[in-house]
Amino acid sequence: MTPLDPAEALEPGDAAWEGRAASFGRYAPARLLRLLLWGAAGLALALFASALFGGVPLRLGDALAGRGPDGAIFWSLRLPRVALGAIVGAALCASGAALQGLLQNPLADPFVLGVSGGAAAGGAVAVLAVDLLGLGERGILGLSPRVALGFAGALGSVAVVRALASRSGRLFGAAALLAGAVLNALAGALVLLAELALAPARAQELLFWLQGNLGYPPPALLWLAGIGALASCVLLALLAGRLELLSLGEEEAAQLGVDVRGTTRWVLAACALGVSAAVAVSGLIGFVGLLVPHLLQMRLGPDRRLVVPLSALWGAAFLVLADAAGRLTFLPLGFEPPVGALTALLGGPLFLWILRRELGGPA
Amino acid sequence: MIARLELAGVSFGYGRGRCLQAIDLRLEPGERVALLGANGAGKSTLLRLAAGLRRPFLGEASIEGRPLRQLGPADLARRIALVPQEPPVERGLLAGELVGLGLAPVAGSWSDGGRGGRLRVARAMERCGVLDLAGRALATLSGGELRRLLIARALVREPALLLLDEPLASLDLGAQGQILTLAREAAERGTALLFALHDLNVAAREFERCVVLAGGRIVADGAPAELLTAPSVAAWFGPNEACPSDRGLCFFPRVGR
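Chains U and B, in that order, give the protein sequences. First residue of the first sequence: 1, per the working numbering; consecutive thereafter. First residue of the second sequence: 1, per the working numbering; consecutive thereafter.
Just chain U, same shape as in the assembly (with noise of 0.2 angstroms):
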């Protein structure tokens, strides 16, 4: 077997074959750089927006050069904000497109393997905890109790759904969905309970995290979301090429020289790290990991390759836009919705009319 050599001997014909070759597919490498540059650039113009429209506005030479109080607004408010979105939007897009690839379901969201329930569970165990023990509100490495254990319910979940759902080191995808359904449920009837338990305002902390926000991080759960997160796209994006073969079925990859239990045990790593993060500090944001992998798949084709890191890059921009218009949107009324609400309301009725479109009825 020869290596490919891109002046491979001719055969007669293959001349005439070649035009027709060369749109055998909607993937090149060439392309995905193309589409990369494109989708940065997309992201780096909706974190700009987004960080200088806002309930104040801002002249913008002030906010730039951090002067005055526009430049504390745009610098230790917005931008954190932003940026925040900007990091759950990535996680959870890459992690949604990564794993509709895995299990070979096209409804199969970031919080398929239990990753909510894990997270409401955690969180719900934290502030009640806090509630009832009356200890300190100072976690670890600075964390808040909440945030620390929603993450550590996110990861466990993952790793009990894989533990349910794989036989000898195999990922069994229909098992894992269930096992990861039935967690959820479990969860959710665990936060009930701790709901009752709960003073009303504590209670209702813990509802509003759940609902999925983007508040005003501070500096430190910054930097560890953003680490895990990018730390999970990058992972990602890496195995996507392994994972457009592992989306035609396991033994079909196997044939084609995928190391299956290997790249599955990344693939559920990764994801595990980048939606525990996002659900730790921003809550369920729901909606947003299954409408922008989709809307790319219908843009590009199903090919990973793509999907997956623009899925990253656009998933931050959707998330920071969708996180703006709706700062902007209810600013007459003097309060702010949930993110998490937002994300379906815009992507909801975006995503039937598509879908509608594509299966080529009345819209």
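Please keep in mind that the hints were generated in silico from the structure rather than gathered at the bench. Virtual Cβ for every residue (Gly too), placed ideally from N, Cα, C.
Computed Cβ-Cβ distance ranges for the label pairs, DEER-style: (1) B:G9 with U:R356: 58 to 64 angstroms; (2) U:G188 with B:A74: 42 to 48 angstroms; (3) U:E358 with B:S170: 25 to 31 angstroms; (4) B:A137 with U:D62: 52 to 58 angstroms; (5) B:A74 with U:E358: 33 to 39 angstroms; (6) U:R59 with B:A74: 56 to 62 angstroms; (7) B:D75 with U:W38: 33 to 39 angstroms; (8) U:L107 with B:S170: 27 to 33 angstroms; (9) B:R115 with U:L37: 21 to 27 angstroms; (10) U:W38 with B:A169: 42 to 48 angstroms; (11) U:A129 with B:G92: 46 to 52 angstroms.
With the C-beta cut set under 7 angstroms, the calculated list includes, among others, these residues of chain B facing chain U: (12) P73; (13) P88; (14) P105; (15) A134.
Since the structure of chain U is already known, use the hints to place chain B on it.
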């Protein structure tokens, strides 16, 4: 000569049962062998063992003198291609993209193969008569077209050993002829082929060597004219009507009432 595929004393089972026992099988370069056996005889399992997708409990499987267990998944995939019975999970791929993924073992999962790779994909599709389908979505293709795409995908990497799991099932006569022609051509280029088959008449006519699996063992290995007699076929595959033809016996199902 070093055998392309050698199974030496191979045994395997799912769970506790044994479904293959003490299998000895050798394929030379350029050899085409029909693998026969009743439903559940272990044909697909044997192909999976030969592809290195399953590890034998006992014995050794090797390709070109190297034990499969010493080769990583990528090394195996460069040498061995398996054409599965089932079509791949449907999720909106185009025909050309499915075949293009066959480059992964040689070019890496991130490459589209460049110009050389695209030429290879085009050649394989042309050989299989599916080049015109390149831009079609898999969901719009017939079973026979899908089967030929999977064969094209296997040919892209020009494997030393090509394993086909019932490639003729559900195909019309024309498509069957195309696939058998492809197999001949691949064998002429030196590829060793192992064909799991149900059609005894095709096996008798088209193959010089047949291997028969029954009860998890190889019960016969040789020229079809000698192996496929009325009593032996009745014992291995069930009641049948054997009709003489100008080129040996033809077998048809026996229909009772």
